[in-house]
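Participant: Mind docking chain V on chain C? Use the hints.
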Amino acid sequence: MAALKQWAGAAVAAPLEWIARALDAPLRLWQRVAGRGGMIAFFLAPNMAIFGIFVLLPLVINVAYSTTTGGALFLSERRFVGLDQYRRLLTCDDYSDLLTCQEDQFWTALTNTGTFVVLQVSLLIAIATATALILNRSLRARGFWRAVFFFPVLLSPVVVGLIWRWILDRNGVLNAALAGMGLDPVNWLLERNWAFAAAIGVTIWAHLGFYALILLAGLQAIPRDLYEAAEMDGTPPARVFWRITLPLLMPNMLVVIVLALIRAVQVFDEAFVLTGGGPGTATLFLTQYIYEVGFASLLKNPGLASAASILMGSILIVLTLAQLGLGRWNERRGGKK
Amino acid sequence: MTRTALALALGASLLGSTALAGDVRVMWYSDGVEGEVMKDLVERFNAENPGINVILDEVAYRVVQEQLQIQLEAGDGPDIARVTNIKTLAPHWLDMTPYLSDPDYWRTNFGAHADWMREDGSDAITGFMTQLTLTGGFANKTLFEQAGVALPGADATWDEWVEAAVAVAASQGTAAAFAIDRSGHRISGPNVSYGANYIGADGMPAPVDDGVKTFAAKLVGWVDDGAMLKDTWVAASGSTYRAAADDFINAQIPYYYSGSWQIANLSTKIGDAFDWVATGSPCGTAGCSGLAGGAALVAIKYTDNPEEVAKVMEYFAREDIVKEFSERTLFLPAHAGVAAAGGLDWQTDDPNVGAALDAFIAAAARIEPAAAVLPSWKWASPYYGALVNRISQVMAGELSLDEAFEKIDSDIAEQVAAAQ
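Protein chains in written order, with our numbering: chain C, 51 to 387; chain V, 533 to 952.
Hints listed in this document are in silico derivations from the structure and should not be mistaken for laboratory results.
It is possible that part of the hints are untrue.
Unchecked claim - A short, non-exhaustive set of chain C residues, derived as facing chain V with CB atoms under 8 Å:
1) ALA122
2) LEU149
3) ARG220
4) GLY222
5) GLY326
6) GLY327
7) PHE345
8) ALA346
9) ASN351
All C-beta atoms, glycine included, are put in the ideal place defined by N, C-alpha and C.
Bound conformation, chain C alone:
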């Protein structure tokens, strides 16, 4: 058995050794010519090329598109209009009345997205923390419960949207259950507040497991002796949570907050399949607005869609910088303690 393992190891290693030997001489030569910096650049180049072509270049092209108008695809065939698209998106006669805005549905989408981010992220973090705390206890069938909470994360967003649509539809499972209990059915997806709540609830259900898992990892890294000391001191559980658990969970919590914020600003797939942006524009979010203007409309307007996406990108950059700042502040605070 040991001989077989040794043979298999050698079989795997042999081609790698052969490649390493073949590359050794040219790489040494290159290091002599280019120096240490050159070697670093050499190994970074493939990654930077991929990042440049698939991330940076489209970003630059997107900025260029946002300064043009017309339906043509190629930049050379599009008319340059400077900042007109941004002006169109941001101009309102009266900022307290969104209907007076030139692109009132952009503002509606922005307001809806802002409200969604605040409510969804707060609820998500509260529920994910509670879930992680429960899953961190010595429950019976703990592995099973962890899997139950994580399972929705594995589903495609479209599947999530469809499942919940079948549940919440006028003729859906929930209304059938209500009717079975002799209660009046509710048009969950046609009432503005219910539809918005459904969008929040479904996205929380879909992503909860992922964030709970990150928090659970943080909880498991907290030394047990701190809790034992608190128990010996007779510290109440709430005080233990606020004084031990939460501060020590903060690095993981920050990651969760930032990821959840970014994901909430980008909300689209589950909500779009679930509500289609309706009723009216009650669940029209920024990404759907961009999609409608740039792709779904019969007369597409890629310039306006690009400008809206740049503005949305700016919001995400602000959020990311805020996260970095918070992270550093937290590190400094931890260092001082």
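Facilitator: Structure of chain V alone, referenced to chain C:
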């Protein structure tokens, strides 16, 4: 020996991954059974024409609406496509005239709709309508009979139809009395029936007029009082298309306003669950108009094989093929010769189908001039989109009707300005 084998393998792999001269790709979407019929026709064409290989790419309607235009703008895309956005994309269609063996055959048989699929002022032959469609209503005859409510007559107004449908809904306990597909195209026939004219004297979009305002106010009122199914229009935003066919099929509404393309769908899915009839379009104050339209099979000008494309198009446009396609798909033929000859042998056992097709043929005679010009009008699409988008907002309580009309005008003006 090894080198030769490697070269052969490389050559074979290149051949496999590259479009061959003689390949003709067709982008095709289906509403009903036409995809199956088309597959059969393509197989027969390929068997009869060994030099040409037609590849049928079946896609969702959304793909044609959202992705085809982007492909075309990039000078790419299929060689032939089945589209409904025919006029807006006309600059991308191939003028097949130099490649056709008998252009006069096309002018004679498809000339009536040629302007729908070419740029204004052009005499190009770019394709043909795979079917003519006409918007119109369907009534659940069984529900009407069970409720003891007589079906309104051919000259009944929208109000009379809604009143009758409300009585049926109340008696039979359906979810609502009626529904109209969420589409600007669908409400344009009724708008014209109330006197609307979308086109200004200069050929550009006119401001919304009393015809549009009257029918829009009715629609909103019908949603408010629960006569019209709220789900279809309110449960979406923007210009998203939503059909209410499933609600009619499930007997959730006794009356449904959609169009002739639903006939095969209704026949297949309803079966003998209940009897249904096509009713034509209810009347307004200015007429009883539906809106004509349909899907066209068009050649794309970026093809590398225009001669082969023309041969394929000639095959699909042949009188016997159009006749067979129409009979099997239950679509109204756009071929003048086939329509004039009549005697189509509809391939169905459903007794509702023949009567429904006859009803739509009769309703075609009632299309008002203001509706008849819309399929070939370049700016119809932004008009339709703005109507749906803003009227839905009124139904959802976000805008007043007056605010919506103002927004419709400004939306259309901005879209036209951006597209020019």
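Participant: Determine for every hint whether it applies to the structure shown.
Facilitator: Tested hints:
Using the Cβ-Cβ criterion of 8 Å, the hint placing C/ALA122 at the interface with chain V is satisfied: the shortest such distance is roughly 6 Å. Taking 8 Å as the C-beta cut-off, the interface hint given for C/LEU149 holds, the closest approach to chain V being about 6 Å. For C/ARG220, the shortest C-beta to C-beta distance to chain V is roughly 6 Å, which falls under 8 Å, so the interface hint holds. Given the 8 Å rule on beta carbons, the hint for C/GLY222 is violated: about 11 Å separates it from the nearest Cβ of chain V.
Here the hint on C/GLY326 is kept, as its CB sits about 4 Å from the closest CB of chain V, short of 8 Å. The closest approach between the C-beta of C/GLY327 and any C-beta of chain V is roughly 3 Å, which is under the 8 Å cut-off, so the hint is satisfied. Evaluation of the C/PHE345 hint against chain V yields a held restraint, the C-beta minimum of about 5 Å falling below 8 Å. The beta carbon of C/ALA346 comes within 6 Å of a beta carbon in chain V, closer than 8 Å, and the hint placing it at the interface holds.
Interface restraint check: C/ASN351 against chain V, minimum CB-CB distance 5 Å, threshold 8 Å, status holds.
Consistency with the previously given hints fails for number 4 only.
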